[in-house]
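Novice: Spelled out, the chains give:
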Amino acid sequence: MSHSAQNIAVHSEPETEDHVHHGNYVKIWAILVVLLIISVLGPLTGIRLLVLFAAFGIAVIKAYMVAKNFMHVNVERRWVKYLLITCLAFLAILFAGVAPDIMRHQGLHWNNYAAKQAIQSGSHGDGKHE
Amino acid sequence: MLERFATGASTYAASIDHLIFLIAVLVGFWFLVAEVALFWLMAKFRRRDGHAPQYVTGEEKHLTKWVTIPHFLVIACDLVIIVPAILVWVNVKQTLPPAQETVRIFSQQWAWSFQQPGPDGILDTADDIRTVGELHVKANTVYHFELQSRDVLHSFSVPVFRLKQDAVPGRTITGWFNATRTGTFDIQCTQMCGMGHGLMAGRIIVETPQQHAAWMKRASSPALAASAALPSDTAAENTKIAEVRR
Amino acid sequence: MTTPATGAHAHAGSHGHEPGHHEVSFFHKYLWSTDHKMIAMQYLFTGAALALIGGYLAYVFRMQLAFPGHVVPGYGLVTPNRYNSLVTIHGSIMIFWVAMPVLVAAFGNFLIPLMIGCDDMVFPRINRLSYQVFLVSAIILLSSFLVKGGAFGGAWTSYPPLSANGVYNLTPLGSTLWLVAVALEFVAFLLGGLNFIVTTMNGRAPGMRMWDIPIVVWMIVIASVLFMASVGPLIAGAIMLLFDQRLGTGFFDPGRGGDPLLWQHLFWFFGHPEVYVVLLPALGITAEIITVFARKKLFGYRTVLYTTWATGVLSFVVWAHHQFIAGIDPRMANVFTITTLLISVPITEMIFVYIATLYGGSIQFTTPMLWALSFIAEFLIGGVTGIFLGASGADIYFHDTYFVVAHFHYTFFPSAIIGMFAGLTFWYPKMFGRMLNETLGKIHFWGTIIAFNMIFLPLFITGAAGDQRRIYNYALFSEQTRPELQYLRELSTIGVMILMTFQVFFLFNFFWSLKHGERASENPWLSNTLEWTVPSPPPHGNFAELPTVYRGPYEYATPGRKEDYWPQNAPITPLEEGAL
Amino acid sequence: MSATARSIANLRSVTGIPTARLVTWWVIASEIFIFGGLLASYVMHRLAHPEWGIAASHTNTAAGATNTFVLLTSSLFAVLAHKAADAHDGPKAAKFLRLTALGGLVFLTIKGFEWTHEIREGFVLASGGFWSFYYTVAGLHALHVLAGLIIMLVFAVDVAKNENLPRVQCIGLYWHFVDIIWIFLFPLLYIAK
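Keeping their order, the protein sequence lines are chains S, R, P and Y. The first sequence begins at 0 in numbering that gives the first Met the number 0 and counts up by one. The second sequence begins at 0 in numbering that gives the first Met the number 0 and counts up by one. The third sequence begins at 0 in numbering that gives the first Met the number 0 and counts up by one. The fourth sequence begins at 0 in numbering that gives the first Met the number 0 and counts up by one.
One chain only, chain S, in its complex shape:
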């Protein structure tokens, strides 16, 4: 980045540049659909670890594939990637700060009896609070 005056940074036609390389999108789509089928079938096995992976592990993989191949994050300017990662990091901070109070129903010198009652009464209903 020089300070020379000749550098007029104006795009007349932004559309004429920065094309990405277009890969085989149908192939990506096919993989995504296969992953979807696995994520639906996985839970039918009933193995808890497998269910969790099928549900959330595959979601992460799918999201990664869409971001990488369809949104072209991999060939976008690098800071876009950093921006997205920063967003997720801040959300992780939010989660870490809030979860100790919300995700647990008992802590040091406090007891969330209302939530415990809700679990009690909800466990033998159909999940509906009347």
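Calculated from the structure, these hints are not laboratory results. Each residue gets a CB set at the ideal place from its N, CA and C atoms; glycine is no exception. Hints should not be assumed to be uniformly reliable.
Listed next, the stretches of chain S that the computed footprint assigns to chain Y, with coverage defined by at least 3 CB atoms under 8 Å from CB atoms of chain Y [what the hints assert, rightly or not]: (1) 22-31; (2) 84-96.
Mimicking DMTMM-like on lysine to aspartate or glutamate, the simulated pairs with C-alpha atoms at most 25 Å apart in a straight line are [unchecked claim]: (3) P:K561 - P:E521; (4) S:K115 - R:D150; (5) R:K43 - P:E437; (6) Y:K91 - Y:D157; (7) P:K561 - R:E58.
Between beta-carbon pairs, the in silico distance windows are [as the list claims (entries may be wrong)]: (8) R:W39 - P:T500: 30 to 40 Å; (9) P:E437 - R:F30: 27 to 37 Å; (10) R:H17 - S:I60: 52 to 62 Å; (11) S:I84 - P:T557: 34 to 44 Å.
Following the hints, complete the assembly by docking chains R, P and Y onto the known chain S.
Specialist: Chains R, P and Y in isolation, oriented as in the chain S frame:
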């Protein structure tokens, strides 16, 4: 220092006051340094004939030290504050000394009510003493309180004890205090709780063991129990307000 | 900046917006304009009008506190419910409808395109939409005073279950209107903020590197980023609270599987960065002013930027210090005490840099400079008292007392009000083409500063004496009815009246100077940044010829030059090349 | 915004990313926080309340899976539209855009049937914690789908005439983002039981 503005009447009041004093000294020092530097520079470098401004980028080594050295000193001062602040916090909020007495505190729009064991010393029995707006406790006794709310958020605050804890509906929050001074003190609600927030006052009456025993005798005798449980002036006013709720 | 030249200069004139700048109707010129300067004025005047309303509310409840139970002249009797509405709407207005529109939106809109050397925002029409949404939100908020039950009175933090249930707050309509207004205001500032961020990233003049952007632009952009990142969870929370109020869900109702603490976390995850959203633009304005009037380069441009970023990031990990005693797990308080005290490090460093900038300067005490210096002096009080509240052990006592009130007014008043006056008096010549009267300006300055301290210094003491917040009458609290505390409350109220009286000087000065002030030249303060290279006020499209930037914004008193300033767009002449 | 009304600022590109795409990324970033806040709140409650699993068992996994498939496919169309736009084939890009919008429409239709069924069974917004989150999260997402498909149909008009082709990529980015949100909503709302 705080004692000048508000009496301290619990075992941990002094430690909180000392912490506040420590912070006041440290931040007061930095405040003075900064203000003196500011006003001194303002006076020294005011526009005068024949004094041209200097070209200083702020990246010269011999000048940046004027910012970096205070910077590290501020970190040091932060540590000096963090450690006692946490120690006080751990003492007041995180550790519960073994209870000698336990009371239950209920908050609701807009009154405090209290439940404490009667002569049998056990909570949740028939002789429990329930009061509204007034809490009678013994001095020099470790009390645990179990704080609950029946509707919205409230905050149980006794300024002389340096005690403050929000009441959250759906939760029981346990804390402690140990009064060191007899007398009648204010209980405030310090969390916005609706129209009568400014009326949600209570009294905490710290008594000697003898006085307390006398009170308990009066309060738990069947004839007087009813009158003891009667709302005090405050609570009566609150009831009035509750009636005008639209 | 590697893109090819495409002859933008030739297009500069013809690329303007609507053809025919002359025959523009009043409606299109003042209300439907896409010109960033006009939108800035709209934000400025709306924010100033709301500041007067917020000030009036403050007058009413301060009168009630000084003379409880008496009829307040100009209002009437203050009932408990009305008192709650007054403090709630005062807080909401001052933060969301005064500090943000004036500091972020008005100055952001006016300064960013001018300072980075382009003709307008990247999305002028989204910019216009931003103001319109903002205006609607302000109208909705004010209309809540007129509905049945009155305006919302559950504090600006709007904690559920109080805010979620009309049975508890007794203002079922007011609370929903408040929530909708706040949510719309968030949308307005998201739209505006996106414009600020993208304009600054993409629309800079050729030659303007990251390190050549004036600090105030940086600060407004960083504030926009902080706002964008912090407000999302609260928008989600606002939707949940709205459903709780109107559609019978129980997100925050403990009786139905919800949790009231969740709102507090979502609110303060936004609420703390919001403090910096308001503070940073004021710090930026101060940086511009002290460099101009001390004729000094900023003492470490990069230091200021790094500390700003550090503050911004840290502001996301400190929010629970507002909740130390709110029922969160006490162990979490230790974490937040440490982070909170650490955030003081970059902020103090920034203030030190500002003070050090004066070193070796040649300081002119013009009105804007007085405002800028008083910002530093007063903000220091707000900063140091924050340490008491960030230290968990001390916060047990100070939480929700008037100490807190005094503390955050010592941060918000310098940011929003002093910062606003600093910016207004400094850029007034550029905005309106006339100079303000210096004498009136100084009378206004001293009156405001003295009155401001008179209002809030006593409140530190009443707070330390145990006065809790949001109480309309202390009669029932025997420890707070001590006469000396009442004297202090009255002193504070008298301060409010003096403060409001002195604003008359400003209003007169402002409107009188519009017509009769001395005509301003292009660059009355001999400043370096690009907005001073165009006529005052700048024409539609700003620059007759778009500038090219050759250097940073703070090259004052450069050795070897005749003038003691060096505009960012001045090319280096061969003569100078030899001298330097 | 027609090309003539663009500000010069809009035509500059100091970062090297065209302004429209740059702002799309920032919009996505702010949306991440809105959905993130909501989903974080949901996950916290969901993990702590086993009884919500009982409620979740009433959701229709088949409908959710079909909708995932529909959105994935429409994402494919969106990226194919981008490819066509890069090849300056406006009509083809417009065709793919409309197919994408059709995918959104199918998604909303399925969602409509699904919700009608659930509401008939008595599971409404106020039927308890899970259902409140279920309708709020999915409803907010559905609003994004609706907004996306309307914008896409509007853009398609210009694009068919070979005008404003870069917009195809921007609306595509947004659409993929909405797709990614659903990719997470599907297991969170339907599979975890």
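Novice: State for each hint whether it applies.
Specialist: Against the structure, the hints come out as follows:
1. 22-31: Since 5 is at least three, the answer is holds.
2. 84-96: holds (count 6)
3. P:K561 - P:E521: holds (19 Å)
4. S:K115 - R:D150: Within the cut-off at roughly 18 Å; holds.
5. R:K43 - P:E437: holds (23 Å)
6. Y:K91 - Y:D157: The given pair, whose Cα atoms are some 12 Å apart, holds under the 25 Å limit.
7. P:K561 - R:E58: Holds, because 24 Å separates the two Cα atoms, which is no more than 25 Å.
8. R:W39 - P:T500: 30 to 40 Å: holds (33 Å)
9. P:E437 - R:F30: 27 to 37 Å: holds (30 Å)
10. R:H17 - S:I60: 52 to 62 Å: This hint holds: roughly 56 Å between Cβ atoms.
11. S:I84 - P:T557: 34 to 44 Å: For I84 (chain S) and T557 (chain P) the Cβ distance comes to about 41 Å; the hint holds.
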